[in-house]
Each structure stands twice: as C-alpha cells, then as structure tokens.
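Chemist: These protein sequence lines are chains A and B, in that order.
Quick note on this note's numbering: the first sequence kicks off at 4 and runs consecutively.
Quick note on this note's numbering: the second sequence kicks off at 506 and runs consecutively.
Hints listed in this document are in silico derivations from the structure and should not be mistaken for laboratory results.
Note that the Cβ used here is the ideal one computed from N, Cα and C, for glycine as well.
Mixed in with the good hints, there may be bad ones.
Below are the EDC-like pairs computed for lysine to aspartate or glutamate, each with C-alpha atoms no more than 20 angstroms apart in a straight line [claimed, not checked]: (1) A:K123 to B:E535; (2) A:K447 to A:D179; (3) A:K123 to B:E534; (4) B:K588 to B:E626; (5) A:K226 to B:E626; (6) B:K555 to B:D637; (7) A:K123 to B:E626; (8) B:K555 to B:D615; (9) B:K621 to B:E662; (10) B:K689 to A:E44.
Some chain B residues near chain A, calculated using beta-carbon distances under 8 angstroms [said to hold, decoys possible]: (11) G671; (12) Y673; (13) M681; (14) F714; (15) P735; (16) I742; (17) L745; (18) R747.
Below are the chains, spelled out letter by letter.
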Amino acid sequence: MESQGMKKITSVWIITILMLFVVSIVLGILMRLNQGGVIQEQTLTFYSNLTTHGLTMIGIWFVAGMMAVNYLMQRYVRTSFAVNLTALIFTVIGVLLLWLSTFAGKFNAAWTFLYPLPFKDFGASSWATTLFLISLAVFGIGWFIWCISLMANILKKYSLAEAFAWQHLRKEHKTDTPPFILITTVTLIGIITCLIAAVIIIVLFFAEMLSQGRFVNDALLMKNLTYFFGHTIANEMLYLGLAVIYELFAEVSGRPKWKTTWYVSLAWNCSLVFILTAFFHHLYMDFVQPEGLQIVGQLASYLASLPAAGVTVFSVFIAVYRTKIKWSLTNVLFFMGIAGWVIGGLGAVIDATITNNVVLHNTLWVPAHFHTYNAMGNVLFSLAFFYWFSTQSLENIRLSTAAKGLLVTLLIGGIGFLLAFYIGGSDSVPRRYSNYPASLKEAKPLALMGASFAIVYLIAILSFFYNISRRCLKILFASA
Amino acid sequence: MFKNIVCFCLAFGACLQLLAQTKVSALDEESNIYHRVFDAPLTESVSGQKGFLSQQYERKPLILALVYTRCTGICSPFLLQLKDDILFNLRDSSFRVVVLSFDPRDSKADMNSLQKRFGLEGNSQWLFATTDSIRSLNTSIGFAPVWDSLRKQYNHEALLVGINSGGYITKKLIGMRSSHDLEKMVTSIHNVFSPSYRLPGSSTLFSCFNYDPKSGRSTPGLGLLFVGLPAGLALLIVILLRLMVRKQTPAVPDK
C-alpha cells in the first residue's frame, strides 16, 4: 500500500505542479494580451515567455502523470522513494535553470528549440542557449532515472510478455495483467525512447557548439529527432493520465474494476508502435523528407488515435451508460478530460492529414488542438487525481453545488479560450506572432477573447489550487 | 577517489560548455532573412537623380547586387554572370536589379562607367547607384566587407539580396550561383514559397539523406540511423532490465 513517505512527496509534487501551472497560465494570458494589443511586451520578452510557457507546461504535466502513476503503482509493486525524490530535485533544478535561461538570459527559441534557432542571435545572452540545453539535460537525467526505476519495478514482478499483456491475446491464460500495468509499461517504453532521442539532440547541439564550426548538424536530422522527442513525450504524458483513469475511474464511481481483455491488450500494444512513428506528420513541409515517410506519418497519426482512444472511450461509455454512478469531482473531471482529449485528438488528426496541413500548418489551429487535449484533457486527468489524492481520507465526497459551479467556470473558460484559437486557425491566422499585422483584422479581437476566457479558466484553477494545496499541506505536515 | 574524478569531469564539462561558442558559422545566407532592408538614399549613376531604395522596391521587387568599381576579384565575373542570367536565361522583367557600390570612394561617374562597360546603360531594368549610408545598409543585410590595406582591396562575398515590394529580405545568395538559384530568388521576391536547404558540406557528418545533384535522387544517409537509434536502444534497455531483475521476487503481492 501507499507509504507515508510516498504520500508526503506526492503532496509536494502536487503543490509544486499547481504553483508552476498558475505561473505558466499567467504567461500565456500575457502573451494573448500582447497579441491583442492590450499590453506591449518587447518581442524578445514575448518569445522568452513563449519558451517558458511551453516547456514548463510540458514538463509539469509530464511529471504530474509520472507522479500519479508512481503513487498508484504501489498497489502492485514496490516503488523507490529515493528515485521519486531524485526526480523531484532534478525537476526543480531543471525548472530553475530553464527559467534563468529564459527570464534572465532571454532564450527564445520556443519549447521545440528547433535547430538552428538556438544558435541564431535574436538578442539572447550568449550563455542562454548553453544553460537552456543544460536545463534540458537535467530534466532528462532525472526523468530517465525515474522511468528506468519504475520499469524495473514492473519487470521484477511481470515478465516482458506479461507486462505487455500478451497472454490476454490467447483464450486461456493463467495470470492477469491489470490495465494499469499494461498502459504504464507501454507508456514508459515510449518515454524512455523519446528521452534517448532528447539525449542525442542535446549531444548533437553541444557537438556543434564545441566544434567551433568544424562539425555542422543536418537540419533534417535535428528536426526529425526534435519531434521524435517532443511529439512523443507530449502524447505519452496523456497516456500516463489514461493509466490513472483505468485504475481509478471505476473505483471512484463505485463500479467493478476494469480488466484487461484481448482488445485492450491489442490496442495498447499497437499504440506503442503508432505513437513512435506519428511524429513524421510534423515534417510535411520539409520537402527533402521522402514522401514515403510523410505517408507513414499520416497513417500512424490516424492509427495511433484509434486503438487507445477507441478502447478508452468505449470503456468509459460502457461504464457510465445507463449505470448508476457515484459521481464526484474526481470522475466528472476524468469524464470531461476524456471529452477534451477526444475533441483535441480529432483536431490533431484533421491537422495531420496532409491535404489539410497545407492550409492549417503553423496557423492557430495547432495551439487550438494541443491546448484542447492538454488544458481540457490531460490537466483535468491530473486535477482529478490531485483531488482524489487529497480527499482519500475523507468520506462521502459528493459533487457539491460549489464544485458544480467550479466545473462550469472551468468549462466556460476553457471552451471560450480554445474557441478563439480554433476560429483563428480556421481563418488562417498564423501562430507564434508576437504582434499581428493590421491586415489580420480578426487576429487581435480573437487574442483578446482568448485572454479573457483564459482569465476565467485561471480563476477556476486558482480555486482548485487553493483547495487541493490546503489538503496536501495537511498531508505533508501530518505526523506518521 | 571515484567521486573526485566524477566531480572533476562534471566541472570540466560545465566549463567547456560555458566557454563554447553559441553562434554557428555557415548560416550566412539565412542571416537577416525577413528583416526589413535599410531604406538607403541612392544617387543614380546616369541621371544623378537622388531617391531612396524604398522608391525602387515599392515599384517592383528588387535584386540588390553589391560591388565596387576598383575590385580586381569577384565583382566583374559576378556581375557578368548576373547579366547573362537575367538577360538571356530568365528573360523576366517583373523585377529590377539595383547594382550598388559599397565602396565610399566610388562616385556616380565610376558607377556610370561600370554600367557602360557592361552594356547596360540603356536598360531600364538595371539601376547602378551609390549611397552615402552604406554602413547602415550593410548592417541591415548582414554584409561585412573587410578592407585589406596591403592589397588596397576589400575582402568580400559576392552577395545578391532579394527584396520584396514590402522591403523585406526574402532570400540571399552568396557566391557565383546557377540560374536555377536565381530563379528561386525571383520567386521569393514575389512572395512565392521558395524551398531552401543548407547544402551539406564536409562538416555535416550525419545527413539523413544524401542528395545527388546529377541524378536528383536522395539516398539514405548515416543520420537516419540516429532516428532509428532511440527505439532500438529503448528495447535493449528494457530487455536488459528484465534480465537483471527477474530473479528478484516482488515485495508487494497482488491486491
């Protein structure tokens, strides 16, 4: 069962993540206000904020998923407190270094740090690129150790075939693999893979920096590796959230626990392959990439969304359809999160279709879809876990009127903020512009609309922050 | 002892990284792209009429060539090739060519004589000019000629700058380039997407694909291995992990 130490460190994780989340949302709102012409940020500040916002968000929701999975995994295998603490320390150091490189050094190449942007002189300090890459290395080391440790814990109990639930593909089998273990295994392998890609990128960046021009990177290789890392980690962190849903949704709804079936096993095994090859859709505009790989990208994007999404949506639908459910804030957030994930996923698949991408590439459609499955998907998965964790010891947790009001505020803020992106994207408003030219008449009002609704979303998040952190602090300072 | 060695290596690595250069060479053609060009005052070599660069690009997109009349090196062959390409290969009058001297010693008469030497004095597509603000213009286009006092010559690149009708630099070409490259520049100044890709040199060790300009075909390169490497390594790590831990029994039983 969950140890006291693990409860305390999970509380620290939650408070840290929520604090960083609030700061990142504020940065996002400032950027939209700047695009709307309400405030005047310097261009360099805008792009530094864009970098901080992007990488902090990716980082915190990745560790939120990892931390939740780590906590729940103790139900099946023993996990290491020391490794969890190490990951926390590395994450905090990484964030500090990252913020130093962006806020003080004005590193501004966005969270994707696409080559050769980090080497371009847009006014950042000379040390900012180095520090940014070091911060990435610090994140990578901490998270890699964490993933390897969790993977080793699973493999102590389950063979590789069992961890992948291959026995469920046969009619008769002696052992059962819980869906939580299957999804976590598939996801951890994906994360280990993309972290190795990140290591290669960082090594290649440093090789070029240290070679004084004797070694030059291939831009196409760097872009392939960058999206291998970036696309994969952004999707795997959603899968961490799904692992938590498979473990908790039925439990908090007062329903029998979900079991692994042949189709669940098949779906998640396929997902591993598809998710590792879907990143090619980021290179549709790269004319030097052979057409075959572009087609692989489109096919994998379609196929990646089918097994995991199809099976999960089917499972949740079956669980709630004409069934008496004990609704609480936890399972409502899970349910809403699934809806956000599916809607954002559809937006992603539309963009990943080559003919559509010609129109939608680098428009606001891109932030529209990834904010949908993050802000209204993955964030809700994690908030559900945070809420469940902080109220574990309390009884009769029901959906109060205040909680319903909070959910409505979150929905109104989230939907309005996302709509501004979607409308802009379908109107070909480009993304990553600090200031819109006068010719894009609809861009400024849309940015203002986005900022206004994001403030509503922030109000809801602050309420979550206050309530969850208060309870987490109690857990943290409770005597054993 | 082991700890000390690790600490030394980490400290040494950190020092190296802090000393490392963060700017890369070989990106000269990409520098200042989509920046607005400095609106330099121009003096036309034939009429002596004064005006601004903006008056030229607002009428038609421009190709700007930077030369100087006392050049004993690249300027003449460079200008000759440009003339041949534009007059005989491209045959396109949708843009203007401004040949500008970057040498403050060049006068209007020097440039006029250069124009005559190339037989372009009556050609309305071509404008030979001087400016008194060459430094600001050079900065805005990323051009940095260096004066060699021994040879009494400038060390400089043969630079063509494509400028669209909004005054933005859309493409730069350095060196004597093919008419195909010039065509790409012409499309770019008309705001048509122009694919560009840094040519792999001997310092690019890990190209994903190796392009053969003769056949126009790409073959897989060493860089592709790096794209496949993470998945292979991850699989290997997981198998090794299982081999290392399989004999240990789980500490927590099934629920």
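Chemist: With reference to the structure, classify each hint as holding or not holding.
Modeler: For each hint, the structure was consulted:
| no. | hint | result |
| --- | --- | --- |
| 1 | A:K123 to B:E535 | holds (10 angstroms) |
| 2 | A:K447 to A:D179 | violated (55 angstroms) |
| 3 | A:K123 to B:E534 | holds (12 angstroms) |
| 4 | B:K588 to B:E626 | holds (12 angstroms) |
| 5 | A:K226 to B:E626 | violated (48 angstroms) |
| 6 | B:K555 to B:D637 | holds (11 angstroms) |
| 7 | A:K123 to B:E626 | violated (41 angstroms) |
| 8 | B:K555 to B:D615 | holds (16 angstroms) |
| 9 | B:K621 to B:E662 | violated (23 angstroms) |
| 10 | B:K689 to A:E44 | violated (36 angstroms) |
| 11 | G671 | violated (10 angstroms) |
| 12 | Y673 | violated (12 angstroms) |
| 13 | M681 | violated (22 angstroms) |
| 14 | F714 | holds (7 angstroms) |
| 15 | P735 | holds (4 angstroms) |
| 16 | I742 | holds (6 angstroms) |
| 17 | L745 | violated (10 angstroms) |
| 18 | R747 | holds (5 angstroms) |
Comparing the model with each numbered hint stated earlier shows that hints 2, 5, 7, 9, 10, 11, 12, 13 and 17 do not hold.
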